[in-house]
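Taking the hints into account, I'd like the entire structure generated from these sequences.
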Amino acid sequence: MNDKLKKLLATGMALGALLLNTTVAFAGAEADASVADDGTASSYSQDNDDFDVDNDNSGGIANLDAGIGISGGNTQSGNDDDNSLGTGDADGEGQSDNFANSNVTEIEDDEDEGSAESKAEVGDDGTASAAAYDNDVVTVLNLNSAEANNMTLGVAISGLNSQSGNDDGNDMDTGNSDAMAETLNEVNSNWTTVGGSHSAHATATVGDDGTASAYAEDNDVVTVDNDNSALLSNLSAAAAVSGGNTQSGNDDDNSLETGGSEADSSANNFVNSNVTVVGGGDGGSSTADASVGEDGTSSAAAYDNDTVNVENDNTADVSNASAGVAVSGGNTQSGNDDGNSMTTGESSGSSCSSNTVNSNWTAIGSSLPEGGEGGCE
1 MNDKLKKLLA TGMALGALLL NTTVAFAGAE ADASVADDGT ASSYSQDNDD
51 FDVDNDNSGG IANLDAGIGI SGGNTQSGND DDNSLGTGDA DGEGQSDNFA
101 NSNVTEIEDD EDEGSAESKA EVGDDGTASA AAYDNDVVTV LNLNSAEANN
151 MTLGVAISGL NSQSGNDDGN DMDTGNSDAM AETLNEVNSN WTTVGGSHSA
201 HATATVGDDG TASAYAEDND VVTVDNDNSA LLSNLSAAAA VSGGNTQSGN
251 DDDNSLETGG SEADSSANNF VNSNVTVVGG GDGGSSTADA SVGEDGTSSA
301 AAYDNDTVNV ENDNTADVSN ASAGVAVSGG NTQSGNDDGN SMTTGESSGS
351 SCSSNTVNSN WTAIGSSLPE GGEGGCE
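Sequential numbering from 1 applies to the sequence shown in the working numbering.
Heads up, a few of these hints could be off.
Claimed, not checked - Ranges between beta-carbon positions, derived for each pair:
#1 S367 - G293: 42 to 48 angstroms
#2 T297 - T223: 39 to 45 angstroms
#3 D54 - S319: 27 to 33 angstroms
#4 G86 - S334: 19 to 25 angstroms
#5 T307 - W361: 18 to 24 angstroms
#6 E311 - S58: 15 to 21 angstroms
#7 N149 - S341: 44 to 50 angstroms
Calculated directly from the structure, the hints in this document are not laboratory data. As the structure is a prediction and not an experimental result, all values here were calculated from the model. From the three backbone atoms N, C-alpha and C, an ideal C-beta is built for every residue, glycine too.
So this is what it looks like as structure tokens:
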């Protein structure tokens, strides 16, 4: 896989967040009617917003990353006295970073903007009526499916050398060998934020005798539906070998030494993560005021009915095979005369698989909890 393609994959989530991000301010509606003295004043205001965000993503990812470093495979045979063979360090690294099907939807509003206000006023006798509506409908649908297959290999060899049929005083030294393989997959991540306060206010006022009526309604309907499916298979392997050397049929004072060998392998998977935040401030309000200065009739009604529906439907099939192997051995001495020596260096291997699958965080009128630490490092 070339560097350009890997960079595109590594920045996929950031680009997806930028392209799919939706930031909208709810507009406000205001209406004002007034009569200085006797008469009739009527005011009507309506602010109805309808947003529909639909993200339908599917994709397949197949990676084959191999990092191979070899400082070995050398041969000495049939040589006379005082031969020497030394290998240098070998480093191998394989890495895959995949960000697939990431949707970021943000619908925010300012508390002062997301409202409908209506005012009706008569100075003295008369009739005043006011009505205000702020009905918002927000629908966010994220439908994601993904299949990712990774095979990441890191192989470093500083060995596999051979000495055979040599005379006295031969020497073989191998250097250090390091190998690392790492896989990171973030698949089907949906972040939805619908926040701010939505309110409706209606005020009707008559100075003296008369009738005042006010009506306010703030009905919000928010529907968030996340439907995710994923099939993920990982194979991460790191092998470091500083050994596999051979001495055979040699005379006196031969020596063989191997260096240290390290191998690390890790797999981190974050699959089907849904974060939903609905509500901010006071969550929206509805206010109605009606007043008559002296004799008369006043009536007021206010409604604030919020309906929030969040549905997360996740399925995932994750298979991991993570192996870290380090070998500083496998060397052979046979058929040699007196004074031969063999010394092997340090060898370590580690492997880790971390899976976070089907995580749903939903906060309605509150903040999200703090996340935990990541997996393998």
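Status of the hints after comparison with the structure:
no.	hint	result
1	S367 - G293: 42 to 48 angstroms	holds, 45 angstroms
2	T297 - T223: 39 to 45 angstroms	holds, 40 angstroms
3	D54 - S319: 27 to 33 angstroms	holds, 31 angstroms
4	G86 - S334: 19 to 25 angstroms	holds, 22 angstroms
5	T307 - W361: 18 to 24 angstroms	holds, 21 angstroms
6	E311 - S58: 15 to 21 angstroms	holds, 20 angstroms
7	N149 - S341: 44 to 50 angstroms	holds, 47 angstroms
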